[in-house]
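Could you slot chain B onto chain A? The hints should help.
2 protein chains.
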Amino acid sequence: MPEIDFWYSIGSTYSYLTVMRLPDWARANDVTVRWRPFNVRSVMIDQKNIPFAGKPEKSAYMWRDIERRSAKYGITARVPAPYPIPDLQLVNQVALLGLKEDWGIPFTRESYRIWFIDGLPAGSEPNLSEALHRSGQDPAEALIRSRSDAIVKELADETDRAVRSGVFGAPSFVVRDEVFWGDDRLDDALSWARLGHVT
Amino acid sequence: MPEIDFWYSIGSTYSYLTVMRLPDWARANDVTVRWRPFNVRSVMIDQKNIPFAGKPEKSAYMWRDIERRSAKYGITARVPAPYPIPDLQLVNQVALLGLKEDWGIPFTRESYRIWFIDGLPAGSEPNLSEALHRSGQDPAEALIRSRSDAIVKELADETDRAVRSGVFGAPSFVVRDEVFWGDDRLDDALSWARLGHVT
Numbered sequence: 001m002p003e004i005d006f007w008y009s010i011g012s013t014y015s016y017l018t019v020m021r022l023p024d025w026a027r028a029n030d031v032t033v034r035w036r037p038f039n040v041r042s043v044m045i046d047q048k049n050i051p052f053a054g055k056p057e058k059s060a061y062m063w064r065d066i067e068r069r070s071a072k073y074g075i076t077a078r079v080p081a082p083y084p085i086p087d088l089q090l091v092n093q094v095a096l097l098g099l100k101e102d103w104g105i106p107f108t109r110e111s112y113r114i115w116f117i118d119g120l121p122a123g124s125e126p127n128l129s130e131a132l133h134r135s136g137q138d139p140a141e142a143l144i145r146s147r148s149d150a151i152v153k154e155l156a157d158e159t160d161r162a163v164r165s166g167v168f169g170a171p172s173f174v175v176r177d178e179v180f181w182g183d184d185r186l187d188d189a190l191s192w193a194r195l196g197h198v199t
Numbered sequence: 001m002p003e004i005d006f007w008y009s010i011g012s013t014y015s016y017l018t019v020m021r022l023p024d025w026a027r028a029n030d031v032t033v034r035w036r037p038f039n040v041r042s043v044m045i046d047q048k049n050i051p052f053a054g055k056p057e058k059s060a061y062m063w064r065d066i067e068r069r070s071a072k073y074g075i076t077a078r079v080p081a082p083y084p085i086p087d088l089q090l091v092n093q094v095a096l097l098g099l100k101e102d103w104g105i106p107f108t109r110e111s112y113r114i115w116f117i118d119g120l121p122a123g124s125e126p127n128l129s130e131a132l133h134r135s136g137q138d139p140a141e142a143l144i145r146s147r148s149d150a151i152v153k154e155l156a157d158e159t160d161r162a163v164r165s166g167v168f169g170a171p172s173f174v175v176r177d178e179v180f181w182g183d184d185r186l187d188d189a190l191s192w193a194r195l196g197h198v199t
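Heads up: the protein sequence lines correspond to chains A and B, in order.
The first sequence lines up with residues 1 to 199 when you count with full-length UniProt numbering.
The second sequence lines up with residues 1 to 199 when you count with full-length UniProt numbering.
For reference, chain A alone in the conformation it holds in the complex (with noise of 0.2 Å):
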């Protein structure tokens, strides 16, 4: 079976998109993807990569781009949503803690819905605390857990691991060797993962 690495962090716009198909995009294609999330916004300052912050022009094209393909997909999304959101370091750490259990994509899922339907942003309280509760956490149990020394570590050792990749922004997807940018990428990262170029 094809494997992928989706790449993301909780805080990338796009990267809706495709954390809300992906699990029916999986199973339609018979694909195994792998969740990894990671710290995109310390990569981006490191690259000096700063899409949008003083860009209004771009920046209100990104969110009718986002708000066409999300109909496209059948993805409800009020746009704009909150953005930046003020720490994705925290959240990321969650969803870490929560892909080595059994709750990370559920976690993940519902963050970006309280973002992008209920309007308020990932990473911050009421929607970490309610994600959490949503994907059968207690809220203050998985939120010390995710602090603990271990996990800070994981999803940094994660993001250097993503750079090393290639990988310099989300949502991305690796396939052996091979770096895909963007949601509108993921059909391409699949066709090489099958045939090994871009059909």
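The hints are simulated quantities; they were obtained by calculation from the structure and are not laboratory data.
Check the hints yourself; a few may be wrong.
If several chains are the same, the list does not tell them apart, and a pair holds so long as it fits within one copy or across any two.
[As the list claims (entries may be wrong)] Straight-line alpha carbon distances no greater than 25 Å define the calculated SDA-like cross-link-like pairs of lysine to any residue that follow:
(1) Lys55 / Leu120
(2) Lys72 / Ser165
(3) Lys72 / Val31
(4) Lys153 / Ile114
(5) Lys58 / Thr76
(6) Lys72 / Arg176
(7) Lys55 / Arg27
(8) Lys55 / Tyr83
(9) Lys55 / Glu158
Only a predicted model underlies this, so the values are computations on that prediction, with no experimental measurement involved.
Relative to chain A, chain B alone:
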């Protein structure tokens, strides 16, 4: 018949994909496309939108993505091509002049071929004269006419029109009031032209 404005600048890398595939694509889909050169560099400087300069990771990805997508479309591309090109105003003035006559599309395509296949930057000699020659023009005469005050003003006016339409990068496709940015949004633009939504 659906109508699409194709805003491009010779000098934009991803526009290579569109420029090379657009004539066949428009015929196959029965679409009228208006080719509209503008000065994307002045727009991006005004909007502080500098996507690749000083960003080696993102630049390397951009070339790899163009290479994979060129193969997908059956387009020859030797990448990385020389980038950025030193000047893009003059060559887009030439394209604009050519589009008022009947040689603007061939000139645009030849400029790109000489840049992406022969490795000679668009907008400089010998690319300029060779592309004019290949599109049936006398280079010296066409270059004089392309530098006229009227053509200089017309490219600036077209650039203003692009910005007023919401265009901030190249290639962009405008259908009625809707902007689609990037070669990878060409089918979204067609869908919008036909149906008023993205499929």
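Quick rundown of the hints versus the structure:
Taking the shortest Cα distances, lysine 55 and leucine 120 sit within 25 Å of each other inside one copy (23 Å), while across copies they are farther apart (32 Å). Proximity of lysine 72 to serine 165 under the C-alpha cut-off of 25 Å is restricted to the inter-copy arrangement: shortest distance 23 Å between copies versus 31 Å within a copy. In this assembly of identical chains, lysine 72 and valine 31 lie within 25 Å of each other by CA distance both inside one copy and across copies; the values are 22 Å within and 21 Å between. In the homo-oligomer, the alpha carbons of lysine 153 and isoleucine 114 never lie at most 25 Å apart, since the shortest distance is 27 Å inside one protomer and 50 Å across protomers.
For the identical chains of this complex, lysine 58 and threonine 76 are intra-copy neighbours only, at 22 Å inside a copy versus 30 Å across copies, given an alpha-carbon limit of 25 Å. In this assembly of identical chains, lysine 72 and arginine 176 lie within 25 Å of each other by CA distance solely across copies; the values are 19 Å between and 29 Å within a copy. For the identical chains of this complex, lysine 55 and arginine 27 are neighbours neither inside a copy (38 Å) nor across copies (36 Å), given an alpha-carbon limit of 25 Å. Taking CA atoms no more than 25 Å apart as the test, lysine 55 paired with tyrosine 83 passes in both settings, with 13 Å inside one copy and 23 Å between copies.
With identical chains, the CA atoms of lysine 55 and glutamate 158 are at most 25 Å apart between copies only, with a shortest distance of 21 Å across copies and 30 Å within one.
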